Amino acid sequence: MATLSFSVNGEVRALKLDTRTTLLDALREHLHLTGTKKGCDHGQCGACTVIVGGQRINSCLTLAVMHEGESVTTIEGLGTPEHMHPMQAAFVRHDGFQCGYCTPGQICSAVAVLDEIKAGIPSHVTGDLNAAPHLTNTELRERMSGNICRCGAYSNIAEAITEVAGRPA
Amino acid sequence: MKSFTYEKVNSAEAAASAAASNSNAKFIAGGTNLLDLMKLEIETPSHLIDVNGLGFDKIEPAPDGGLRIGALVRNTTLAADARIRRDYGLLSRALLAGASGQLRNKATTAGNLLQRTRCPYFYDTNQPCNKRSPGSGCAAIGGVTRQHAVIGASDACIATHPSDMAIAMRALDATVQTVRPDGSTRDIPIADLHRLPGDTPHIETTLTSGELITSVTLPKPVGGTHIYRKVRDRASYAFALVSVGAIVQRDGTGRVAVGGVAHKPWRVEAAEAEMPRGAKAVAARLLEGARPTKENAFKLSLVERTLGAVLTEAKG
Amino acid sequence: MKFDTPATTNPIDQLKVIGHATSRIDGPLKTTGRATYAYEWHDRATNPAYGYIVGSAIAKGRIASMDLSRAKAAPGVIAIVTSENAGKLGKGNYNTAKLLGGPEIDHYHQAVAVVVAETFEQARSAAQLVKVDYTATKGSFDLWAGRDGAAKPPGRGDNQPDTTVGDFSGAFASAPVQLDATYTTPDQAHAMMEPHASMAAWEGDKLTLWTSNQMIAWTTGDVAKTLGLPKENVRLISPFIGGGFGGKLFLRADAVLAALGARAANRPVKVAMQRPLMFNNTTHRPATIQRIRIGANRDGKITAIGHESWSGNLPEGRPETAVNQTRLLYAGENRMTAMRLAMLDLPEGNAMRAPGEAPGMMALEIAMDEMAERLGIDPVEFRARNDTQVDPEHPNRPFSQRQLVECMRIGAERFGWSKRHAEPGKQRDGRWLVGMGVAAAFRNNLLMKSGARVRLDGQGRVTVETDMTDIGTGSYTIIAQTAAEMMGVPLEKVVVRLGDSSFPVSAGSGGQFGANNSTSGVYAACVKLREAVAQKLGFNSADAAFVDGQVSSGNRSAPLGQAASDGELTAEDSIEYGDLAKTHQQSTFGAHFVELGVDVATAEIRIRRMLAVCAAGRILNPKTARSQVIGAMTMGVGAALMEELAVDKRSGFFVNHDLAGYEVPVHADIPHQDTIFLDETDPMSSPMKAKGIAELGICGVAAALANAIYNATGIRVRDYPITLDKLLDHMPDA
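Chains as they are written, first to last, in our numbering: chain A, 1 to 169; chain B, 1 to 316; chain C, 1 to 734.
Quick caveat, the hints were computed from the structure, so don't treat them as lab data. Given the structure is predicted, the values throughout are model-derived calculations rather than measurements. Glycine residues also receive a C-beta, built at the ideal position from the N, C-alpha and C atoms. One or more hints might be untrue.
Output of the computed footprint for chain A on chain B, the stretches with three or more beta carbons under 8 Å from beta carbons of chain A [stated by the list, open to error]:
#	segment
1	3 to 10
2	48 to 55
3	69 to 81
4	101 to 113
5	272 to 283
6	297 to 311
So the derived list for chain C, only partly shown, Cβ under 10 Å to chain B, looks like this [stated by the list, open to error]:
#	residue
7	Y108
8	H109
9	P721
Construct the entire structure; sequences and hints are all you get.
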């Protein structure tokens, strides 16, 4: 067992945990923040994506105890049904989801992707490595590829993100 | 996942001594491969040494004009570094072709090098696997082998190394710096880090017990056109069927390393002499002695054709 | 309500709410992480124990012995359930293989034990300590090897294994233009994002299961049958389902083992099947071998069409009905279809999105493309020439609606089909060989009894309760739209409660029958509620109008809620169907257009544009309908380009049993997708005049891709998935 104190959606939380507990299971089973989903538990689907210290990661492939003192944002921290984050609202407007299970991960990823492009981080499809990447449909699709949606909402998701990014879909 | 104790260390010495005092300890940094394998009990450490506090997270100029990359530098950070993008584009490209944005944010430089194979028989603990359980046999041989090695394999193992980054590191002639539990340090040329499977596929690198990678150093830039071409069935978030990393100079000379074909990043320096004569000549030499299966024989022509496309692209 | 005469004008035709592109009413819950899925009911069971499944290490044979001693002694372990201590278990009506194996083993990763512990980490760890010794026996794992010994399966109702019309072999032999080709489709996995998951809690001999299931009534019955309980003692709750695609039609091991684990542990237990177990433990779409023969006159009229399909399954399993569409889609006087079933010891084959038609159209629509080329006729035109407005096997049965040709022609125009080079391999864009492909889409419309209950309260709020499920299909929203339309209230005044076995039995979600049937059931209940409201208000129910929250009749008007001012009004009814589906063939139609590039060096295939045109009755909500279609198109891309459960034919299992090995499309594979819905209402289908669309969208997509690859490269691949290794040797020099 180990102890852990970290910030989740702006609130300091203290837990006593089996060292084997992943960040994902700490959120879901201990803090009852079940918005973050377990799709594969092996880093192969992206449903568990959360934002830690401003960066998106797969919460299934990291131990909770490795996040002492860190700051975690989950889908619950982005917005509520009454006060949705602009990305959440855009997903609803563009029907960027169906079953909803990959959706929290898609939205956390999408929020982080826009920050990554702003920060000038290149991607596999960036044409010129020495220039700032542009926000294109191809860039978004490549960067979102770590979030699988078996319902196949991709086309609508790309439109939702594009709208939030302030460009016409 | 078996129970383990967990300790966070703040110095290389502490890491070394923790490793020395527990032969079943493992270092953990990004954890993206280790935890995956621990969940399946393919890896069963009884003690985890969290090395994230060691400060090996900088990219600094090396004395000979190259760059020294801390072992803990995340894949995203490394790929986005302006110096890497400008002078070692091959490395940036290879990193960005691998995994997903989420995984690259966590995965480290050293961890990427030490990834284990994605052979599905290695991942299925019901199946015999000499890598997972030495002497048990290899279920992949005679099984489903589309993804497997075509060269350098053995009767004990036909697994491939999955890393994209390592292909670039190999072509760039990187060296790996380590510290051992007794405090001694050494430089390992990247060519000598990964092993072929032989009779001991469970021994994947030349690192000794408790040896910790502290940095990876790139020699000074060699110029040329840098291209990393990864070929896969789906357009992203997939391991390579084959990949070709190349640095091509104006006169047509250069370097080539290939992924998805062997148990280690595959580079044959003698084959590079053929580069001015084109892809067919290079591939023939590079893949000399290949022993593909019926299912993965396509990789031979795929390497040649991909290399051809790379050389054409390099000419502009 | 019995629906046995074609629908006439009814309140749905007002189209004040129905037919509008409406955002999902469950959207804010799903996008903020507040929708509760099966494993997440923390408020219903405060201290559940965790179950972890042990899967068989062999495909066929027996458990020789099990040693549970180390697992039992592991920290936190509460109970271990195996076939030895589970008590007598039945087998569900909808299951082929047992859900808890032992001592006989029927397939790889069949569950053989569940380990229940205080925490997930303890259960997972202890599960590794369960030691099982097996005696493996030889099994059959190769469809090709089993083909010759494949038997004629028993027929089921209207679906017989063989059909013949006229003299197929004579007509085929004498046809001036012929095609005789064999196609294969591989085993495929549903690979929905939410794993099969359940939480079970017992109160005495009453069981509550929070689970993830498409068909509440089927599964409630099968839980009862499997556990030997009266059906009334079983309650299923499944309001949100993280994808199903047919994989969650049935009771599966997670639910049975959660229930058995909870009984053994004497407390609530939850079980989520670990992803690497799903591919072999659960059902999959079976592989097929399909031989198609088409004979035609030089004018392009088909004179003979034959389609045979071989598939495999476990004993008592059923065939993949891949010849279904060929019985209905094209004209031709001489016809034959046949299905044969080989016994295989692979995991259980069963329904996956558009069973039958999805793999059948993958083959038939390549064959049509090949035939068009042999005839020198444009593939759109060739299909038009062989259109039929009647069931070609039973010409006295007209189609209720059939706009296949319209779909193809409108799609061709919108897509710019005329720019396609008929000769393959002629269009180059840099390193890409570019091609276009087309295929018809076809899927039958199924009618199923479906019930609902509606309640009206004093505030004029309408609550709908039905055991219908929303697996991402948009059921919540279209049901709310239906109730709002019927009761004359805004959408905000409707509450929809789904997925609970205590609610009236619905059609459930499957076979693209959910939308039309479940909303028709709600329609029926609302008709009853309208009568009750009118009666309560003293109105003549026949002419009462329900508009804007008011009920009016003649010059009298009252707020809707007034009818419930002294207590809630409730009405319950079902839609039941007469013979309209027998007198009229009800099907949905479409056309898929694809443009893609094939890398001239590597033969990597990347899609550029996709369009689907659909004619599928009234579109209840164009926004959610579009989602169903683009989702199906995406799954069709997977089927065409990457999805294949790779069989180890020595040991009998799917080797690539996780989401890294079984590749499904990612964002980067899918371009912007266009969809067009033709204006159509089908009065034969239901009072909603709607039909299904969720499966139509997958039928034909893969063939459109295959045809586009041919158009780009001149390489005809008849074995799915079309991966680059199948093209490489035939590619031109880069």
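Status of the hints after comparison with the structure:
| no. | hint | result |
| --- | --- | --- |
| 1 | 3 to 10 | holds (count 5) |
| 2 | 48 to 55 | holds (count 3) |
| 3 | 69 to 81 | holds (count 3) |
| 4 | 101 to 113 | holds (count 5) |
| 5 | 272 to 283 | violated (count 0) |
| 6 | 297 to 311 | violated (count 0) |
| 7 | Y108 | 8 Å, holds |
| 8 | H109 | 9 Å, holds |
| 9 | P721 | 8 Å, holds |
Violation of the numbered hints given earlier is confined to hints 5 and 6; the remaining hints are satisfied by the structure.
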